Amino acid sequence: MRHLIRGVSALALSTALLGSAALAQDDEESVTLYRVFVGDHKDPKVTAFDLSKPEKRWTFDTVGQNKLYSVNEGASVVAVQSDNDAVNFINSCISLHSHGDHSDIEIADPSAVEKALTGPRPFHVIDHDGKVVINFDKGGYNEIVDAHELTDGEIESTRLKQARAHHGFAAPVGIGWVTTVASDAPVEGDSAPTRVGLRAVTEDGTPTGNVASCTGIHGEAFSGAFLAAGCKEGILTVTASADGPVTKMLTYPSDLPSGETTGTLLGARSMQVFLGNYGAKGLVVVDPADEPNFRYIELPFRRIDFALDPANARFGYVLTEDGSLHQIDVLDGKLAKSAKVTEPYSMDGHWNDPRPRIAMAGDEVVMSDPNAGLVRRISKSELKEVGTIKVEGKPYNIAVAGGSGKVHEHADGEAHDHAGHDHAHSHGDPQIYKGYFEDSQVKDRPLSDYAGDWQSVYPYLKDGTLDPVWKHKAEKGTSSVEDIRAEYEVGYKTDVNRITIEGDAVTFYKDGKPSKGTYAYDGKEILTYKKGNRGVRFIFKKTDGDAGAPQFIQFSDHGIAPNKADHYHLYWGDDRAALLNEVTNWPTYYPSSLKADEIVSEMKAH
Amino acid sequence: MKNLSKLIARMTVVIFASLAVPALAHAEKLSVVASFSIIGDFAKAIGGERIALRTLVGANSDAHVYEPKPADALALAKADVILVNGLLFEGFMDRLIQASEAKAKLTVMTEGTDILNDPAGGHYHYVDGKAVFHATPNDPHAWQSVGNAKIYIQNIAKAFCAADAQGCSTYEANATAYSEQLAALAEEIEAAVSAIPQERRVAVVAHNAFRYFERDYGVTFLAPQGVSTESEASAADVASLIREIREKRAAAVFAENISDARLVEQIASEAGLTLGGTLYSDALSPAGGPASTYIDMMRHNVQTLTSAINRG
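Residue numbers (my numbering), protein chains in the order written: chain A, 1405 to 2010; chain B, -14 to 297.
What the hints contain is simulated information worked out from the structure, not anything from laboratory work. Remember, predicted model here, so these are calculated numbers, not experimental data. Just so you know, even glycine gets a beta-carbon here, dropped at the ideal spot from N, CA and C. Among these hints, one or two may not hold up.
[Said to hold, decoys possible] Simulated crosslink set (PhoX-like; lysine-lysine; CA at most 25 Å straight-line): (1) K54/B <-> K1652/A; (2) K1738/A <-> K63/B; (3) K54/B <-> K1738/A; (4) K233/B <-> K1738/A; (5) K1928/A <-> K1946/A; (6) K63/B <-> K1741/A; (7) K233/B <-> K1920/A; (8) K2008/A <-> K1519/A.
[To be verified] Label-pair restraints from in silico Cβ distances: (9) L1984/A <-> A168/B: 49 to 59 Å; (10) G43/B <-> D1733/A: 23 to 33 Å; (11) G273/B <-> T1619/A: 35 to 45 Å; (12) T1643/A <-> E13/B: 32 to 42 Å.
Sequences are here, hints too, so could you generate the full structure?
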């Protein structure tokens, strides 16, 4: 694969976007950007461009035809090359961070992740709960990739083993996992075994429950509290419970055309509802919780591809072989409007013949048109073409990353993905943490924000405990482990190994010997660093106490308004102004109750 | 004739409230959607038999992690009045409104209430053993102040009057009667809290939904703090909470009806305290439970607090 920028530090990314990120509360600053990834039908490559500036292209070389999945809120794109036993990952480098009432968006060039996964016939990809799960149809296992590490350009994966290799999937459900199960029956030659159902397993594939019957299980999606998959007899739903996954079969009702089944499902993001195919010429809206569970929509021609609008759960879009795009009203269960958008593409022939694919990009449906060598932009409300983008070769599979700085609410089901992650951040706004904020956001803070018993981390630097932290920082940034360690050696250096703060009294334990002073708030100073980011020092002045206690102490803990510190950097001395110029030595303190390994994991989380 | 009366009704509405809501035929009930159980209870108290009420997030459910259903969108599409708390409490609402193409305007309960503002604020929710941080610069749990609940009631009466002018006198009479009950409730709470010795008025919860209660009635609530948008309550948060519990000598730890209790159980055992019972924060209990109405909920919470603190 071509290696573009790898390991751009988070700081560099946010610097590029200072304007929109730091002022995200301001509606005027909202940014909308959609980045389109297109896999060629024949050539082993992925082309990427921004809808707003399609003349600028990025190209990623792979080893085979790519099926593309936009995962982890569009942070990464998975390029599955089933016939070539490879899976590549591209970071979209558009990240959206939600803060409840608004989102921040960070944008950089897309970059290929150096490492690829290889294995026998990768196929289905599940993106859920911070995990990207790829089924290796001829390997008999799923590779579970950590989505957040992936964003950092790292592939950290574990394997979920299946009893027998098959064209299936595995997915996290609450605290447990489920995997499809193949029949034990022998097969002729190279043909794949049939699939009989779904069973609860642990993360390594050890069964924890019986097989829930779901004949020929195929096509799976998440929506709301449910996972759903199509089967011959109906749609199998799965929900999480304290005792593990719970399955329920929704049998196809008798008013649906007989002899057909659902083999592809899509899950809506802002409403608990699924859209599936039902045979070649039908769709079903599936409400997994309430009756009627199924509503059938007949299509005028066979379906080529369909999509749900993540921004407005009411609508989906389906392209049929006559070259028409239809807007589906999911709530009413009918086609709302239709328009011709391309030449006909017959569904006769192989499923993998070059035919258009569609994806949603904000107010538009983007559609590859392999025979025309185009990506067409179609307005989703009018179903009218608003532009075309020439793409070399036969543009085929398509995925979109991006969004707008405002619409990305935290509160829908999928956004809780983050909660499964073990990074124990306890800081506020990541932009503030990195040092981007407005003066008006800065508020005075009491000494009680720093109350407690604190230990210096310098001894952990000296004895090598923190080495994994330097390694982690080096992998994420451009500096070497040695340089980083040297910087922190100067930064952390101190002989005050413990500090206790209780009420207005601060006690410094210099080589074990205490000196105590009482302190009163003496204002805050906003400093601008060379990199352009800023920090706030909260300053306290000695009012009484031992001569050994410094006249001034200045706290810096990445916070800018009242909030309990979970660690801090402390500057102390007798000259308030001179102390403000100290930017290389910042003795750092964590709660004395934290063990060394807890400090290491806290540090790595930043 | 029906059309004419509709037209007149609509004009009346426009004149009195400049709200373009669909008018009602005589026999029809006012179609009201309330976002969650507490607002639903208020709506019932004010609307009585004149309204057909649908409450989206029901008893013992957490609005923060609610998964809206197609039927909810259909109900919104038909609603004459939509009552929401606001202040980012119902994260699912904006998208659901968009999907439903609802015609009724949202009536925001917290409009005009006395709001706690915290620019870096937020609180944890605990769902299936996971902590989810809900970032909110304004604390949305305003109903935990009975003073604010009175404003909710006024807002509801105003919205009902605007949508159904004929019923307005009923709504206003109901609101007045209910407000008197609320005034009595506030006195009851103040009296109960004042009976607790000052230094004992400290309680521990996992999901800090009681800041308004703290402000208005003087019971301090400690909870894991952290302002991350994507983390579980970290070891450091819990450690600092335990320190705080000891420093402030908190009297009891409470579970909540909408959260799983594992984290508070852990906190209680580390702090050497026992669980003092269950408080109702963001949802009522089902009918027949101890907190099936707002007034019962507030009473139950005060009784649970006082008896646990006095016991401990």
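(request) Of all the hints given earlier, name the ones this structure violates by number, lowest first. (result) When the structure is compared with the hints, only number 4 turns out to be violated.
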